[in-house]
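Visitor: Sequence:
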Amino acid sequence: MATVVALEHERGKVAPFAIMEMKGKRFHIVATEGVSVGDKMYFGDDTKLNVAMTAGAFCTIENHRKESEQTVLKLPSGQKRIFSSNVRAIIGVVAGAGVTEKPLLKAGTAHYLRKSRGQLFP
Numbered sequence: 001m002a003t004v005v006a007l008e009h010e011r012g013k014v015a016p017f018a019i020m021e022m023k024g025k026r027f028h029i030v031a032t033e034g035v036s037v038g039d040k041m042y043f044g045d046d047t048k049l050n051v052a053m054t055a056g057a058f059c060t061i062e063n064h065r066k067e068s069e070q071t072v073l074k075l076p077s078g079q080k081r082i083f084s085s086n087v088r089a090i091i092g093v094v095a096g097a098g099v100t101e102k103p104l105l106k107a108g109t110a111h112y113l114r115k116s117r118g119q120l121f122p
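Numbered by the UniProt record's numbering, the letters in the sequence shown go through residues 1 to 122 in order.
None of these hints come from the bench; they were simulated from the model. Just so you know, these numbers come straight off a predicted model, no measurement behind them. Heads up, the beta-carbon is just placed ideally off N, CA and C, and yes, glycines get one too. Wrong hints could be hidden among the right ones.
[To be verified] Distance windows between CB atoms, simulated:
| # | residue 1 | residue 2 | range |
| --- | --- | --- | --- |
| 1 | Thr109 | Lys23 | 14 to 24 Å |
| 2 | Lys106 | Lys66 | 23 to 33 Å |
| 3 | Val93 | Gly38 | 41 to 51 Å |
| 4 | Val93 | Val5 | 33 to 43 Å |
| 5 | Gly108 | Asn63 | 40 to 50 Å |
| 6 | Thr100 | Arg11 | 15 to 25 Å |
| 7 | Arg11 | Val93 | 19 to 29 Å |
| 8 | Met22 | Ser116 | 17 to 27 Å |
| 9 | Lys74 | Gly108 | 37 to 47 Å |
| 10 | Glu69 | Ser116 | 39 to 49 Å |
| 11 | Gly38 | Ile82 | 29 to 39 Å |
| 12 | Ser116 | Glu67 | 21 to 31 Å |
| 13 | Leu120 | Ser85 | 41 to 51 Å |
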């Protein structure tokens, strides 16, 4: 069991990250929706998990192979990938998911957003 010590913003990323403390050691994970300072997080392998990858996106566990210790995940694109069962996963939806739902009020804002991704506007 780990405790959330602080929530911080990382420059250049949409999702905030949580500083966790477990057994005297601190580590960083991407914060999930609804997490606050002082919350407790549990780690285990007996629950059905959704693995959050980026802000608002999630993966679903399709299959778990106990003999080879591998897990098959279905990505948001529909593609399936095989991962080791010993990796750390985040349960829940990553915080900051609504940032892409904000309307672009000016044409210049849309222009520079598309330009940063190598696209043309309009």
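Visitor: If you check the beta carbons of Met22 and Ser116, does the distance land in 17 to 27 Å?
Guide: 37 Å, violated
Visitor: Could you say whether the range 21 to 31 Å given as a hint is met by the Cβ separation of Ser116 and Glu67?
Guide: 46 Å, violated
Visitor: Verify the CB-CB distance for Glu69 and Ser116 against the hinted window 39 to 49 Å.
Guide: Holds: the Cβ-Cβ distance is about 40 Å, inside 39 to 49 Å.
Visitor: Is the gap between the beta carbons of Thr100 and Arg11 within 15 to 25 Å?
Guide: 19 Å, holds
Visitor: At the C-beta level, are Val93 and Gly38 separated by a distance inside 41 to 51 Å?
Guide: Because 20 Å falls outside the window, the suggested range is violated.
Visitor: With 40 to 50 Å as the target window, see if Gly108 and Asn63 comply at their CB atoms.
Guide: 47 Å, holds
Visitor: Could you say whether the range 23 to 33 Å given as a hint is met by the Cβ separation of Lys106 and Lys66?
Guide: 54 Å, violated
Visitor: Is it true that the C-beta distance of Leu120 to Ser85 lies inside 41 to 51 Å, as the hint says?
Guide: 44 Å, holds
Visitor: For the range 14 to 24 Å, tell me whether the beta carbons of Thr109 and Lys23 fit it or not.
Guide: 46 Å, violated
Visitor: Take a look at whether the Cβ-Cβ distance between Gly38 and Ile82 falls inside 29 to 39 Å.
Guide: For Ile82 against Gly38, whose Cβ atoms are near 36 Å apart, the range 29 to 39 Å holds.
Visitor: Does the Cβ distance between Lys74 and Gly108 fall inside 37 to 47 Å?
Guide: Holds, at about 38 Å.
Visitor: Quick check: does the Cβ-Cβ distance between Val93 and Val5 fall within 33 to 43 Å?
Guide: 22 Å, violated
Consistency note: the structure conflicts with the earlier hints numbered 1, 2, 3, 4, 8, 12.
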